[in-house]
Amino acid sequence: MTAKNPPIVLLTDFGLKDAFVGILKGVILSINPFGNIIDLSHGVRPQDLLHGGFLLSTAMGYFPSDTIFCVVVDPGVGGSRRPILIRTKNYFLVGPDNGVLWQAARKNGIEVVLHLNRTSYFLSPLSSTFHGRDIFAPVAAHLSCGLAMEKLGEPVYDPIPLDLPIPEKKGDRLILTILDIDIYGNITLNISLDELRSFVGNQFWLEAGSARISKIYETYAQAEDRQPFLLAASSGFLEIAVKKGNAAKQLGIGHWNQLVLNR
Amino acid sequence: MTAKNPPIVLLTDFGLKDAFVGILKGVILSINPFGNIIDLSHGVRPQDLLHGGFLLSTAMGYFPSDTIFCVVVDPGVGGSRRPILIRTKNYFLVGPDNGVLWQAARKNGIEVVLHLNRTSYFLSPLSSTFHGRDIFAPVAAHLSCGLAMEKLGEPVYDPIPLDLPIPEKKGDRLILTILDIDIYGNITLNISLDELRSFVGNQFWLEAGSARISKIYETYAQAEDRQPFLLAASSGFLEIAVKKGNAAKQLGIGHWNQLVLNR
Amino acid sequence: MTAKNPPIVLLTDFGLKDAFVGILKGVILSINPFGNIIDLSHGVRPQDLLHGGFLLSTAMGYFPSDTIFCVVVDPGVGGSRRPILIRTKNYFLVGPDNGVLWQAARKNGIEVVLHLNRTSYFLSPLSSTFHGRDIFAPVAAHLSCGLAMEKLGEPVYDPIPLDLPIPEKKGDRLILTILDIDIYGNITLNISLDELRSFVGNQFWLEAGSARISKIYETYAQAEDRQPFLLAASSGFLEIAVKKGNAAKQLGIGHWNQLVLNR
Numbered sequence: 001m002t003a004k005n006p007p008i009v010l011l012t013d014f015g016l017k018d019a020f021v022g023i024l025k026g027v028i029l030s031i032n033p034f035g036n037i038i039d040l041s042h043g044v045r046p047q048d049l050l051h052g053g054f055l056l057s058t059a060m061g062y063f064p065s066d067t068i069f070c071v072v073v074d075p076g077v078g079g080s081r082r083p084i085l086i087r088t089k090n091y092f093l094v095g096p097d098n099g100v101l102w103q104a105a106r107k108n109g110i111e112v113v114l115h116l117n118r119t120s121y122f123l124s125p126l127s128s129t130f131h132g133r134d135i136f137a138p139v140a141a142h143l144s145c146g147l148a149m150e151k152l153g154e155p156v157y158d159p160i161p162l163d164l165p166i167p168e169k170k171g172d173r174l175i176l177t178i179l180d181i182d183i184y185g186n187i188t189l190n191i192s193l194d195e196l197r198s199f200v201g202n203q204f205w206l207e208a209g210s211a212r213i214s215k216i217y218e219t220y221a222q223a224e225d226r227q228p229f230l231l232a233a234s235s236g237f238l239e240i241a242v243k244k245g246n247a248a249k250q251l252g253i254g255h256w257n258q259l260v261l262n263r
Numbered sequence: 001m002t003a004k005n006p007p008i009v010l011l012t013d014f015g016l017k018d019a020f021v022g023i024l025k026g027v028i029l030s031i032n033p034f035g036n037i038i039d040l041s042h043g044v045r046p047q048d049l050l051h052g053g054f055l056l057s058t059a060m061g062y063f064p065s066d067t068i069f070c071v072v073v074d075p076g077v078g079g080s081r082r083p084i085l086i087r088t089k090n091y092f093l094v095g096p097d098n099g100v101l102w103q104a105a106r107k108n109g110i111e112v113v114l115h116l117n118r119t120s121y122f123l124s125p126l127s128s129t130f131h132g133r134d135i136f137a138p139v140a141a142h143l144s145c146g147l148a149m150e151k152l153g154e155p156v157y158d159p160i161p162l163d164l165p166i167p168e169k170k171g172d173r174l175i176l177t178i179l180d181i182d183i184y185g186n187i188t189l190n191i192s193l194d195e196l197r198s199f200v201g202n203q204f205w206l207e208a209g210s211a212r213i214s215k216i217y218e219t220y221a222q223a224e225d226r227q228p229f230l231l232a233a234s235s236g237f238l239e240i241a242v243k244k245g246n247a248a249k250q251l252g253i254g255h256w257n258q259l260v261l262n263r
Numbered sequence: 001m002t003a004k005n006p007p008i009v010l011l012t013d014f015g016l017k018d019a020f021v022g023i024l025k026g027v028i029l030s031i032n033p034f035g036n037i038i039d040l041s042h043g044v045r046p047q048d049l050l051h052g053g054f055l056l057s058t059a060m061g062y063f064p065s066d067t068i069f070c071v072v073v074d075p076g077v078g079g080s081r082r083p084i085l086i087r088t089k090n091y092f093l094v095g096p097d098n099g100v101l102w103q104a105a106r107k108n109g110i111e112v113v114l115h116l117n118r119t120s121y122f123l124s125p126l127s128s129t130f131h132g133r134d135i136f137a138p139v140a141a142h143l144s145c146g147l148a149m150e151k152l153g154e155p156v157y158d159p160i161p162l163d164l165p166i167p168e169k170k171g172d173r174l175i176l177t178i179l180d181i182d183i184y185g186n187i188t189l190n191i192s193l194d195e196l197r198s199f200v201g202n203q204f205w206l207e208a209g210s211a212r213i214s215k216i217y218e219t220y221a222q223a224e225d226r227q228p229f230l231l232a233a234s235s236g237f238l239e240i241a242v243k244k245g246n247a248a249k250q251l252g253i254g255h256w257n258q259l260v261l262n263r
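Those sequence lines, one after another, are chains Z, X and A. Here the first sequence is numbered in the numbering used here, starting from 1 and rising by one per residue. Here the second sequence is numbered in the numbering used here, starting from 1 and rising by one per residue. Here the third sequence is numbered in the numbering used here, starting from 1 and rising by one per residue.
Be aware that a few hints might be false.
Note that identical chains are pooled: a pair holds if it fits in a single copy or bridges any two copies.
Calculated lysine-lysine pairs in the DSSO-like style (CA-CA distance at most 30 Å, straight line) [unchecked claim]:
1. Lys215 x Lys17
2. Lys89 x Lys243
3. Lys249 x Lys17
4. Lys89 x Lys17
5. Lys89 x Lys107
6. Lys243 x Lys151
7. Lys243 x Lys17
8. Lys169 x Lys89
9. Lys249 x Lys151
10. Lys151 x Lys107
11. Lys151 x Lys170
12. Lys170 x Lys17
13. Lys17 x Lys151
14. Lys169 x Lys107
15. Lys170 x Lys89
16. Lys89 x Lys215
17. Lys89 x Lys151
Since the hints were made in silico from the structure, they are not lab data.
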């Protein structure tokens with residue numbers, strides 16, 4: 001193993017009870033016996049491209065340069081969607097051209113997008129139902145062995161964009177969308193603390209399910225027990241949290257719900 | 001690390017919330033500090049030997065030659081069942097002699113079966129409740145260090161067979177069994193597309209819970225939304241799927257249920 | 001990779017569906033590209049310090065000397081609790097000073113406790129909500145590169161203790177506490193077989209939900225189907241088990257419930 005053996009990071013919606021993740025790992029090790037395979041998460045909500053993109057763009061920047069991300073959230077497998085590689089400023093992103101790579105690619109800066117069409121680097125025969133196994137894992141493994149990416153396909157200029165919803169302004173109200181709810185029940189909103197401040201100043205209330213929230217704290221420790229509050233989360237987004245409680249359960253709200261911020 | 005350091009692939013029914021999986025890894029690294037430990041799945045249904053065997057035989061062939069599979073689905077631990085090593089054409093399979101290794105061993109071709117009875121390669125003292133820790137992980141680790149397998153035990157010729165149920169013919173009907181339901185709700189049947197065709201030709205209907213299914217597609221993309229159909233899955237078996245839906249939930253059927261195929 | 005590259009073992013309550021675990025791995029690999037990252041478990045019950053400590057102390061001893069455990073169960077993050085490193089006889093334990101490291105540290109023997117306060121080894125800027133990412137993972141990674149621990153902080157002498165509850169004697173009764181329930185439904189009690197014997201001798205009954213248990217077996221194999229019994233578990237603690245069944249479900253009891261042992 002040398003510094004030339006970048007990690008191959010897996011992000012899928014496969015869950016962990018089936019054999020799919022194990023198969024990806026087997027394919028990679030068959031091509032690169034020294035492959036350094038890292039699980040980012042296999043808990044993307046099934047076929048949820050925005051959620052996959054959110055996890056990827058949240059975690060990506062903590063990995064070393066030249067890390068290869070192999071992303072399989074692929075509801076259109078076997079149809080006309082292209083397999084692609086996006087070379088960003090620091091990383092290689094391999095996956096379907098359905099927008100799942102987009103958030104992360106934009107965040108890090110796109111240098112080139114390749115349509116993966118050199119079938120000699122795929123498994124053969126190529127199935128129409130499991131391109132994670134047949135295309136994305138083999139391509140990631142070949143890259144990790146030092147294969148020049150130009151050998152993998154032709155540049156294309158029209159990757160499918162897929163951005164997170166942005167806050168919607170309606171007079172003195174801002175319509176926010178819930179991006180994610182983590183294991184603790186913390187609710188990630190599609191706005192940063194700075195963006196909130198610039199819209200509402202210091203006085204506001206957020207209608208969130210059964211509650212009206214108007215406090216922002218810097219840490220969980222500062223908050224009162226069981227009172228929902230806002231916090232600048234480690235992801236950079238604003239989050240609704242409850243100390244010694246589960247905000248999502250307490251407020252009764254879920255993924256992609258919309259909330260109203262009033263100033 | 002050299003090419004002589006084959007991966008040790010773990011497959012268990014331990015789940016991921018307890019310390020069991022971590023303990024296996026600790027034991028392996030204590031014997032082989034360079035051990036390349038790979039998680040296949042720890043989501044085998046508790047004590048379900050056929051399910052464990054199914055996942056193993058589905059994933060095995062994608063791993064490089066000489067991979068060591070350490071399989072712990074072991075309801076009879078502490079009783080009279082033997083610990084065994086099966087050397088197949090390409091792989092080492094380590095686990096209890098209860099049939100869980102059988103499907104994979106037969107698929108790849110059995111070369112020799114050893115009864116693991118050289119206690120010097122076990123942890124000591126040997127417990128009667130956790131042979132994954134005390135026997136299978138240590139044996140897998142010693143193998144990964146290059147130990148000649150002959151040192152681990154005596155050949156035996158009567159490993160416990162355990163095959164998946166096969167389709168049952170009743171006149172113009174074939175009774176099929178559900179082998180697995182994956183995270184997307186896709187339902188794996190115990191028949192391949194070729195086997196189905198040779199029995200029914202082109203005209204058939206499959207009674208599946210509330211539905212009658214008579215369409216086969218090559219990809220999810222070709223199917224109509226929310227209409228159950230058949231597909232040759234990536235595992236080689238036929239599967240019932242629903243595009244933009246969950247077939248198992250929609251049809252209300254579960255593991256080991258039987259379905260009737262009519263011609 | 002050399003023998004100087006000890007494994008970094010992760011134990012958290014992050015679960016596996018979010019990006020948190022992936023972020024820890026990215027941070028570690030950015031500091032030590034050869035970091036050998038091992039998942040012990042990410043299934044600690046959210047913010048349950050005793051459960052985290054129990055899993056750590058159960059698994060720790062199976063890992064090789066100098067293994068670095070990076071433990072993140074951290075409800076007080078951002079408050080006044082200190083980040084610490086405990087050097088035990090054989091291991092490095094990195095995590096918050098809230099008691100989660102205590103059981104394991106005491107079991108292996110504490111040599112020195114350091115208050116991690118050298119911010120040059122942290123990520124910058126330091127968040128107030130995710131010290132796993134900003135402090136514990138970076139410190140573990142630097143240790144794995146061979147950094148002398150003295151560079152990481154000052155010795156302190158008052159780490160927060162947090163012990164498992166011990167059996168409570170009330171005349172001829174012993175009040176036991178349930179420490180854990182594993183994936184099979186086996187119930188871990190806060191007493192060893194030897195301790196039980198020294199209190200009750202050979203005759204006893206344990207009131208456990210709907211059942212009175214008075215049998216001890218050495219293996220699952222010896223027990224009768226569906227009859228709850230006691231067993232010296234692989235963890236060293238006594239456990240209530242049901243052969244071909246799930247003891248916790250059958251008896252209707254849960255975590256931290258108390259049971260009465262009568263002699």
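Hints versus structure:
{"no.": "1", "hint": "Lys215 x Lys17", "verdict": "between (41 Å within a copy, 28 Å between copies)"}
{"no.": "2", "hint": "Lys89 x Lys243", "verdict": "neither (38 Å within a copy, 36 Å between copies)"}
{"no.": "3", "hint": "Lys249 x Lys17", "verdict": "both (26 Å within a copy, 17 Å between copies)"}
{"no.": "4", "hint": "Lys89 x Lys17", "verdict": "between (35 Å within a copy, 27 Å between copies)"}
{"no.": "5", "hint": "Lys89 x Lys107", "verdict": "within (10 Å within a copy, 45 Å between copies)"}
{"no.": "6", "hint": "Lys243 x Lys151", "verdict": "neither (52 Å within a copy, 34 Å between copies)"}
{"no.": "7", "hint": "Lys243 x Lys17", "verdict": "between (32 Å within a copy, 21 Å between copies)"}
{"no.": "8", "hint": "Lys169 x Lys89", "verdict": "neither (33 Å within a copy, 60 Å between copies)"}
{"no.": "9", "hint": "Lys249 x Lys151", "verdict": "neither (50 Å within a copy, 43 Å between copies)"}
{"no.": "10", "hint": "Lys151 x Lys107", "verdict": "within (26 Å within a copy, 35 Å between copies)"}
{"no.": "11", "hint": "Lys151 x Lys170", "verdict": "neither (50 Å within a copy, 54 Å between copies)"}
{"no.": "12", "hint": "Lys170 x Lys17", "verdict": "neither (45 Å within a copy, 34 Å between copies)"}
{"no.": "13", "hint": "Lys17 x Lys151", "verdict": "neither (35 Å within a copy, 34 Å between copies)"}
{"no.": "14", "hint": "Lys169 x Lys107", "verdict": "within (24 Å within a copy, 58 Å between copies)"}
{"no.": "15", "hint": "Lys170 x Lys89", "verdict": "neither (37 Å within a copy, 62 Å between copies)"}
{"no.": "16", "hint": "Lys89 x Lys215", "verdict": "neither (38 Å within a copy, 46 Å between copies)"}
{"no.": "17", "hint": "Lys89 x Lys151", "verdict": "within (19 Å within a copy, 34 Å between copies)"}
The structure is inconsistent with the numbered hints 2, 6, 8, 9, 11, 12, 13, 15 and 16, although it conforms to all the rest.
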